[in-house]
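Position chain Y relative to chain G; hints supplied.
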Amino acid sequence: EPEVTQTPSHQVTQMGQEVILRCVPISNHLYFYWYRQILGQKVEFLVSFYNNEISEKSEIFDDQFSVERPDGSNFTLKIRSTKLEDSAMYFCASGREAITDTQYFGPGTRLTVL
Amino acid sequence: AQSVTQLDSHVSVSEGTPVLLRCNYSSSYSPSLFWYVQHPNKGLQLLLKYTSAATLVKGINGFEAEFKKSETSFHLTKPSAHMSDAAEYFCVVTVPLGYMGRRALTFGSGTRLQVQP
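Protein chains in written order, with our numbering: chain G, 194 to 307; chain Y, 383 to 499.
For reference, chain G alone in the conformation it holds in the complex:
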């Protein structure tokens, strides 16, 4: 069964450094999402992406964040200058059709900012 994959599984970085989190969505899916979960807190929506543009973003998704689908298979989340409070589990999700709603989640990347 196809599944969403994410790399790396764990990323440690120094404050102020740039990080890129990578996701490979399910191949025939058209809708892509990033969520994050700070330890002990609820899962929060960051951004959704469709037809090569952002379709919705939350207030968390400020100018430090960007997303890209560089090659038709990968979907990346870039944080330009990481802060301590960016430490979290980041989940990528994809969906085939918006109308059917179901989003399939990857296993997550744990980002630790020191």
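Some hints here could point you the wrong way.
Taking lysine to aspartate or glutamate and the EDC-like style, the derived pairs with C-alpha atoms no more than 16 Å apart in a straight line are [to be verified]:
| no. | chain 1 | residue 1 | chain 2 | residue 2 |
| --- | --- | --- | --- | --- |
| 1 | Y | K431 | G | E290 |
| 2 | Y | K424 | Y | D467 |
| 3 | G | K276 | G | D256 |
| 4 | Y | K431 | Y | E448 |
| 5 | Y | K424 | Y | E470 |
| 6 | G | K235 | Y | D390 |
| 7 | G | K235 | G | D279 |
| 8 | Y | K424 | G | E196 |
| 9 | G | K235 | Y | E448 |
If you are wondering where the hints come from, they were derived from the structure by calculation, not from laboratory data.
Chain Y in isolation, oriented as in the chain G frame:
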């Protein structure tokens, strides 16, 4: 606006006894509702979803949920708990986002299910 409230942060049951995880939602539009499960150090797995078809929804691993519009509830149940059901469970809602389809998922705060032997 859409929101979801999980009424219990922690539920403990004995193996073989019924499970009830409670969820109430708030939505201005016709919602789609989901339950996701997260096992320790794992990603989020879809248990079941409601998208305006049958109000009683059956999911994987013997779980089911009933959509009750009058009560704005979508409680998750299972007749008999198994040790492997121990995990964090999230109730999730989404609503239409115009021509873009549907708004991103809004998660509840989660219910940790503990299953005692």
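Status of the hints after comparison with the structure:
1. For the hint linking Y/K431 to G/E290, the alpha-carbon distance of about 15 Å falls within 16 Å, and the restraint holds.
2. Note on Y/K424 and Y/D467: the hinted pairing holds, with a Cα-Cα distance of about 14 Å set against a maximum of 16 Å.
3. Restraint check for G/K276 and G/D256: satisfied, since their Cα atoms lie roughly 13 Å apart, inside the 16 Å limit.
4. Between Y/K431 and Y/E448 the alpha-carbon distance is near 10 Å, which keeps this suggested pair within the 16 Å criterion.
5. The suggested pairing of Y/K424 with Y/E470 holds, with an alpha-carbon distance near 10 Å, which does not exceed 16 Å.
6. Straight-line distance between C-alpha atoms of G/K235 and Y/D390 comes to about 14 Å, which keeps the hinted pair within the 16 Å bound.
7. For a cut-off of 16 Å, the pair hint linking G/K235 to G/D279 stands: about 14 Å separates their Cα positions.
8. Straight-line distance between C-alpha atoms of Y/K424 and G/E196 comes to about 13 Å, which keeps the hinted pair within the 16 Å bound.
9. Of the supplied pair hints, the one linking G/K235 and Y/E448 is violated, its CA atoms being roughly 23 Å apart against a limit of 16 Å.
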